[in-house]
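Build the full structure now, drawing on both the sequences and the hints.
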Amino acid sequence: MKKDKTIKRDFYLLVVKVVLATAISSVVTYLCLIYLIITLATNDVVKPTNYFVKDLDLIEKKIKENEEAIFKGRFIPIHRYSEKIQGEVVDISGKHLYGDREIIDDQVDISQSINREIVKGSYVYRFIPLKHDNAIQAVYVLKAPFGFIINNQKRLEPVFIYAALLISPLLFFIVYLIFFTSRLYQSLFHNIKLLLAASDHIASGNFDFHVSGLKRKEFMKIQNSFNAMISALKEMVERLAKTDDERKMMVSSIAHDIRTPVTVIQGQIDLIQDLRKSDRFDVTPHLEIIRKNCGKMTMLTDNLSLLYKVEKSHFLLNAKEVDVKQMLDEKKRELSTMVSRQPSLAICFDVNLQRSSYVLDEAMVMRVLDNILYNSLRFTKSGEITLEVHDEEEGNACKIYFRCSDTGTGFKENDTSLLFQPFYQDKQYKHHVGLGLYIAKQIVNHHGGDIWAYNNDKGGATVEFYIKELSLDHFRTFPPL
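Residue numbering for the sequence shown follows the UniProt record's numbering, starting at 1 and increasing by one per position.
Everything labelled a hint here was simulated from the structure, so no lab data went into it.
Do not take every clue at face value.
Under the rule of at most 30 Å between Cα atoms (straight-line distance), these lysine-lysine pairs were calculated in the BS3-like manner [said to hold, decoys possible]: (1) K331 to K458; (2) K120 to K131; (3) K221 to K193; (4) K292 to K234; (5) K221 to K17; (6) K54 to K72; (7) K64 to K54; (8) K292 to K412; (9) K17 to K5; (10) K325 to K468; (11) K193 to K215; (12) K193 to K217; (13) K234 to K248; (14) K84 to K95; (15) K5 to K215; (16) K5 to K61; (17) K381 to K412; (18) K332 to K234.
Label pairs and their calculated CB-CB ranges [stated by the list, open to error]: (19) D274 to E321: 24 to 32 Å; (20) D274 to M236: 50 to 58 Å; (21) C32 to M220: 38 to 46 Å; (22) F11 to S82: 49 to 57 Å; (23) I7 to T39: 42 to 50 Å.
The C-beta atom is built at its ideal place from N, Cα and C for all residues, glycine as well.
Pasting the structure below:
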């Protein structure tokens with residue numbers, strides 16, 4: 001698989017491409033210009049750089065043929081060869097004798113330059129010795145233009161060629177920089193367009209898509225992050241929609257749960273008013289019905305109040321020493337009394353605790369047990385309801401395990417984790433607000449424990465949970481669940 005390119009690598013390649021293309025194009029341009037110069041010079045259209053060197057050769061030959069005449073003051077008419085050539089006769093020390101004056105500066109050592117040719121600036125200097133009596137007595141200095149531009153000052157072709165030589169690398173650099181940068185920009189902007197399109201989808205609430213087709217390693221990371229964000233947003237929106245549906249159902253269920261006892265109470269009050277004048281009318285059973293329905297309403301409001309508390313980010317637990325065995329004995333007596341008229345249903349508690357007391361929030365733990373045990377009572381008509389309790393020491397911490405099993409109808413849901421969701425409703429009890437197990441889960445989690453449920457081998461339901469012992473130092477708070 002080809003490794004994904006990076007933007008950093010693309011910029012490095014951009015620099016290499018621009019520099020390499022500029023260099024190659026400049027070399028080709030220089031070769032073409034050189035060929036053009038040679039062609040023009042061959043056809044005498046322009047004068048090459050060394051155009052006047054041949055005249056210097058002729059003048060030098062003439063000087064050597066007339067050394068004696070030159071010593072006698074007969075200066076060779078070098079302007080006959082070219083008006084641009086100058087000549088000066090100096091002695092060995094550089095002192096002017098005759099001819100053009102000061103054609104060379106004083107920094108040149110005449111004695112070291114004899115029989116040499118020196119190029120300075122745009123001119124060439126040739127130093128020709130003049131001998132007398134077999135000794136060098138003077139030096140004839142010739143100065144001629146030596147440059148393509150200076151040789152062709154009055155023509156446009158050299159100016160164009162020279163300008164092309166100077167400007168072409170810069171022009172090539174700018175052109176290639178724009179060209180390769182535009183290509184890179186188009187490639188990167190393709191990725192940006194895909195991301196902008198994805199953003200538009202998200203803004204419009206469409207989460208049923210995935211970003212694909214991005215190139216470059218950095219954009220691939222953004223693509224993966226975008227897809228992860230889209231999945232998370234989709235899940236969150238679905239969860240919010242589900243929560244909204246659940247809350248709507250909760251409102252409907254709460255309204256039903258409140259309306260039912262209110263209707264019963266209203267009916268009983270109307271009945272009392274109708275029969276109160278009767279001599280044989282006994283108000284006691286009617287008051288008992290009213291009391292029970294008021295209790296249902298009180299329990300519903302208590303659950304709603306507790307739900308608000310356990311969902312708070314910092315839920316306070318009232319930690320204190322609790323005699324768990326005594327607490328469970330009282331709960332067993334309470335349940336046994338409730339099922340005393342059901343001889344086919346037995347209540348069994350199996351408690352194996354190593355200590356007499358534990359630091360817990362007694363009210364909250366009892367709330368968990370009540371939710372679980374009363375659910376078992378509701379769905380178990382015969383058989384038994386068993387509660388097993390034991391503890392385990394883990395270092396400095398102590399865990400207390402609870403397992404409640406019954407022989408009732410069991411759970412109808414295949415996924416029993418749904419039982420602990422807020423406002424869960426069994427299909428057979430659609431008008432009952434499902435808060436009990438959700439509240440139990442929140443309380444258990446605040447105790448640092450966990451809770452789960454499943455159907456047992458007897459066909460009934462089993463709910464297990466454990467809690468950790470708290471600290472007596474202060475009221476204990478936990479982070480959000």
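Hint-by-hint comparison with the structure:
no. : hint                     : verdict
1   : K331 to K458             : 24 Å, holds
2   : K120 to K131             : 26 Å, holds
3   : K221 to K193             : 16 Å, holds
4   : K292 to K234             : 45 Å, violated
5   : K221 to K17              : 27 Å, holds
6   : K54 to K72               : 27 Å, holds
7   : K64 to K54               : 16 Å, holds
8   : K292 to K412             : 29 Å, holds
9   : K17 to K5                : 16 Å, holds
10  : K325 to K468             : 16 Å, holds
11  : K193 to K215             : 12 Å, holds
12  : K193 to K217             : 17 Å, holds
13  : K234 to K248             : 21 Å, holds
14  : K84 to K95               : 23 Å, holds
15  : K5 to K215               : 8 Å, holds
16  : K5 to K61                : 70 Å, violated
17  : K381 to K412             : 17 Å, holds
18  : K332 to K234             : 47 Å, violated
19  : D274 to E321: 24 to 32 Å : 55 Å, violated
20  : D274 to M236: 50 to 58 Å : 56 Å, holds
21  : C32 to M220: 38 to 46 Å  : 45 Å, holds
22  : F11 to S82: 49 to 57 Å   : 56 Å, holds
23  : I7 to T39: 42 to 50 Å    : 47 Å, holds
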